[in-house]
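Asks: Sequence:
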Amino acid sequence: MNTKSVFRAAAIAVTALFVLAPGKGMIAAAPGAGPVSLQLVKNDQLGSFLADGEGNTLYMYTKDAKGITNCYGNCAQAWPPLLTDGQPPMVKEGISAAMIGTVKRTDGTTQITYNGWPLYYYARDTKAGDRVGQAVGKVWWVLSSEGFIIKPASLKIAENPKFGKFLADDQGNSLYMYTKDTADLTNCYGGCAQNWPPLLTTGATTLGEGLDRALLGTTKRKDGTSQVTYKGWPLYYYIRDTKSGDVVGQDVGKVWYLVAPNGEIIKNPM
-2 MNTKSVFRAA AIAVTALFVL APGKGMIAAA PGAGPVSLQL VKNDQLGSFL
48 ADGEGNTLYM YTKDAKGITN CYGNCAQAWP PLLTDGQPPM VKEGISAAMI
98 GTVKRTDGTT QITYNGWPLY YYARDTKAGD RVGQAVGKVW WVLSSEGFII
148 KPASLKIAEN PKFGKFLADD QGNSLYMYTK DTADLTNCYG GCAQNWPPLL
198 TTGATTLGEG LDRALLGTTK RKDGTSQVTY KGWPLYYYIR DTKSGDVVGQ
248 DVGKVWYLVA PNGEIIKNPM
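Going by our numbering, the sequence shown opens with residue -2, and the numbers climb by one from there.
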């Protein structure tokens, strides 16, 4: 994240005015509009997610990296970046000022980030509350109040010579349970959730071969987002697992463990 700059709450600025392009039903960016608010909007399917002060949905792009934007040219025409000119915004309830940062674009403008993710509008969202951009190309998604990607989850079985078979997402990223949770109830928020991002979902979770749908469930987090559970255990990633197959989170603090396909906790090597 060497391009990320995190602001103090009083020094954060967000500037973006979006207007309808005549006859197009599209939204285009206009600079110099003054500060706007960042807020959360909510619906039953997605829970709470980021929007500007007018209720226009904001998105992240999975082809970006945290603190790095890769959306230029035609991409930026369809997905206008949320820019800042240095004026302090009004950050509404539920938005974490500590998660707001910036990244420099190649044209010298400054784009707002949240939890490291550069933020964008979608040109085909023509009014407040639209979320037409959600899941476009399976690379554009809304963000939760905690800065996590809200998208459908997918589980499969991964395998490690030391720990055997365990739960992972469809990319092979290891998933963990937390012994301080209770059945269908997560107790990991704030700093805990930044180190152990929850596996969120919308709609039905896809299960790979060998997994039991009867063990699958969800639990509601405080912001209304849905976290995947397996045999009642809320599932998490570990921030220090940097690639598919990593199991660095196993046994951290004697409270974080991999989960077997039958839902049992894996505490000891094979």
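Just so you know, the hints here were simulated from the structure itself, not pulled from any lab data.
A portion of the hints provided could be inaccurate.
Label-pair restraints from in silico Cβ distances [claimed, not checked]:
no.	residue 1	residue 2	range
1	SER93	VAL252	21 to 29 Å
2	ARG102	ARG237	46 to 54 Å
3	ALA201	ALA180	16 to 24 Å
4	ASN192	LYS159	29 to 37 Å
5	ILE146	THR179	39 to 47 Å
Where is the CB? At the ideal position from N, CA and C, for every residue including glycine.
Asks: Indicate, hint by hint, whether the structure satisfies it.
Replies: Hints and how they fare:
no. : hint                        : in the structure
1   : SER93 - VAL252: 21 to 29 Å  : holds (24 Å)
2   : ARG102 - ARG237: 46 to 54 Å : violated (29 Å)
3   : ALA201 - ALA180: 16 to 24 Å : holds (21 Å)
4   : ASN192 - LYS159: 29 to 37 Å : violated (22 Å)
5   : ILE146 - THR179: 39 to 47 Å : violated (26 Å)
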